[in-house]
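Trainee: Those protein sequence lines, which keep their order, are chains A and B. If you read the first sequence in my numbering, its first letter stands for residue 876, the second for the next number, and so on. If you read the second sequence in my numbering, its first letter stands for residue 876, the second for the next number, and so on.
Hints are not guaranteed to be accurate.
The list treats identical chains as interchangeable, and a pair is accepted whether it falls inside one copy or across any two copies.
[Said to hold, decoys possible] Calculated cross-link-like contacts (lysine to any residue; reagent style SDA-like; alpha-carbon spacing at most 20 Å):
1) K978 / P1057
2) K924 / D913
3) K1103 / N1072
4) K986 / E1083
5) K986 / V1106
6) K936 / F963
7) K936 / S925
If you're looking for bench data, these hints aren't it; they were derived computationally from the structure.
2 protein chains.
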Amino acid sequence: MSNPTAAILIIGDEILSGRTRDINMYHIAGTLSSVGIDLMEARVVSDDKSAIINAVRDLSKQYDNVFTSGGIGPTHDDITADCVAEAFGAHLSVRDDARSLLKAHYESQGKELTEERLRMARIPEGAVLIENPISIAPGFSLENVHVMAGVPRIFAVMVDKLLLRIETGNVMSSETIRVDLPESAISSPLRKIAEDNSELSIGSYPFEENGGYGANIVIRGFDLDAIKTAVQSVRQAFDL
Amino acid sequence: MSNPTAAILIIGDEILSGRTRDINMYHIAGTLSSVGIDLMEARVVSDDKSAIINAVRDLSKQYDNVFTSGGIGPTHDDITADCVAEAFGAHLSVRDDARSLLKAHYESQGKELTEERLRMARIPEGAVLIENPISIAPGFSLENVHVMAGVPRIFAVMVDKLLLRIETGNVMSSETIRVDLPESAISSPLRKIAEDNSELSIGSYPFEENGGYGANIVIRGFDLDAIKTAVQSVRQAFDL
């Protein structure tokens, strides 16, 4: 049985303008690897209605799960909930369960649940809430799309909460072997090793360090013995 | 006249597995902003033939430029050139101009231009080479798709070389105003300012710091006076 698949959709002008360096994609990539959900694709689109709707429709058709990050706050540029609802033709309105959460939260701080704050209680019909223990305003899952906040610490906690209830898979093991040779000097033996071990994923990731070239050979798979054998083959091929 | 648009396509299992944190997307986002090319979308796909071909076709139809990063080295998992050629139905083979570059480079180092190294001289018919002053193996532009290396320092130099010959645009100016209030306390006045200044892009990027919430209000546009006026409006609205 193969692992569930996933895509991450980052909604963020600030990433595309180069103002902010992404961290949520990097975070979820590591987290999903550790629970056996295969991240197949990542996309960043701008805070634009049709760009978000098209990406949600496209990705949700292709993968078991779509995780989104960003655009669920109370400001005018927060349009993710509207777009995800529209992508599935679901009605979006303030929902009692989300309103109660926000009301209790703001009342405990002596603040009012203003109309603007209430925007964060707008949840599509049929969606399941995703808990946000930090700033309370919930995310939601609609069909196979899981909508979460963009602030990194909140995003990370919402992902953890979500992973308690969605299907996970088998965790791949991996070994990395550093070879201090340019890729052009290792590609021929490595190709043969990859062909001989087609049940494993063998990647070569070149780097440059102190003016010299090298590569990290990453061997991934489910069968620990097969990985061990492939590691031996790589070591032998390059006299390591 | 509007600016040329672009997408970046990162080919990299190592990003999707969480092993490596992306830097090329962040780099090109900043670079394109500084030359007036509007980055509309970023995608990361795995080293998988149909994933790459589909993404190249999809993005090249939608945007003026598609920049790719990764997968043009000599190892078995470097399949970007093959996929880009196939996406456009172009023939791929070792080309004399690329072969000459590599031959001279390896000869100057007393090394042989092996069959594996020659793989890096495979260029689609009709493509224009992109210079690589660091490790010599060239990238290429085929139609509106610009294929570059994944090693960050090499990627950055190839982007610089490429930008000398493709169309650039008008550079947006931007101002950032930090507001130490949660977004829910600023969203109503900010919505009005955004509506009053529809020719500007006004975004709110929440952050969390020392247990408190704030937001960076980013105002972007081409008209410096309009930006100045909007900055004043934001300052007034929040007593800054």
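Trainee: Look at each hint and say if it fits the structure.
Mentor: Status of the hints after comparison with the structure:
1. K978 / P1057: between (60 Å within a copy, 16 Å between copies)
2. K924 / D913: Intra 27 Å, inter 17 Å, cutoff 20 Å: inter-copy only.
3. K1103 / N1072: within (11 Å within a copy, 61 Å between copies)
4. K986 / E1083: between (54 Å within a copy, 19 Å between copies)
5. K986 / V1106: Answer is neither; intra-copy 60 Å and inter-copy 28 Å both fail.
6. K936 / F963: within (11 Å within a copy, 25 Å between copies)
7. K936 / S925: Both ways: K936 and S925 sit 17 Å apart in one copy and 16 Å across, limit 20 Å.
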